[in-house]
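One-letter residues, chain by chain:
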Amino acid sequence: TQLLEQSPQFLSIQEGENLTVYCNSSSVFSSLQWYRQEPGEGPVLLVTVVTGGEVKKLKRLTFQFGDARKDSSLHITAAQPGDTGLYLCAGVSNTGTASKLTFGTGTRLQVTL
Amino acid sequence: NAGVTQTPKFRVLKTGQSMTLLCAQDMNHEYMYWYRQDPGMGLRLIHYSVGEGTTAKGEVPDGYNVSRLKKQNFLLGLESAAPSQTSVYFCASSPIRDRVSTISYFGPGTRLTVT
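So the sequences go chain by chain: A and B. FYI, my numbering numbers position 95 of the first sequence as 95, with every residue one higher than the one before it. Quick note: to get my numbering, add 1000 to the position in the second sequence (first position is 1).
Do not take every clue at face value.
What the hints assert, rightly or not - Which residues of chain A face chain B? A few of them, derived with a C-beta cut under 7 Å, are:
#, residue
1, Pro-39
2, Glu-41
3, Pro-43
4, Leu-45
5, Thr-51
6, Gly-52
7, Gly-53
8, Ser-99
9, Phe-103
Don't read these hints as lab results, they were simulated from the structure. Predicted, not measured: the structure shown is a model, and the values here were computed from it. Note that the Cβ used here is the ideal one computed from N, Cα and C, for glycine as well.
Construct all of the structure, not just a fragment, from the sequences and the given hints.
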């Protein structure tokens, strides 16, 4: 069974602070995705990183895929209250038919004024 | 487009009762999935379907059955509910595309409590 561990599990910071969330696995994935989930809603895809070492930026969010394609990080610069939510990483594995997502344990972020 | 919809939004069952959760998507996606989400465990795949009339087991299929009689609908059934099935259930769909960059679209979830 593939496992994805995220750290930290919970994070409470003030507006304007920077933070990094980590996603680690012993398995290699074809690609890795990051989702954000708000209360009462389903996860929404933020980004997919495909190549080992790849870095993608989405405004104040920076995503990095590890060189060995086993781990990833999400860095948020100058966090805002609108960044509050549950952040999930998901490793993509290709089976014989559909792609499968293995989700991480999640990081719950709260940004206060 | 409504995207992915799920009914019902909430349900309380007694142990041993049965129910069916309905997922519908209007994006003409081939692939559909059922996940459950429990605190501290992320989302776990229950069953999935790669097309109309086909289903396959995911990571935690025991106690659940699924059917995909129409391309746009994916049903999740609990024949005899157990307290361990208390969870939030999410349906997702994705189009056939480069499997490395697959995109999954999630529904809003169904919160199920089994007493």
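So which of those numbered hints doesn't the model satisfy?
-> Violated: hints 1, 5, 6 and 7.
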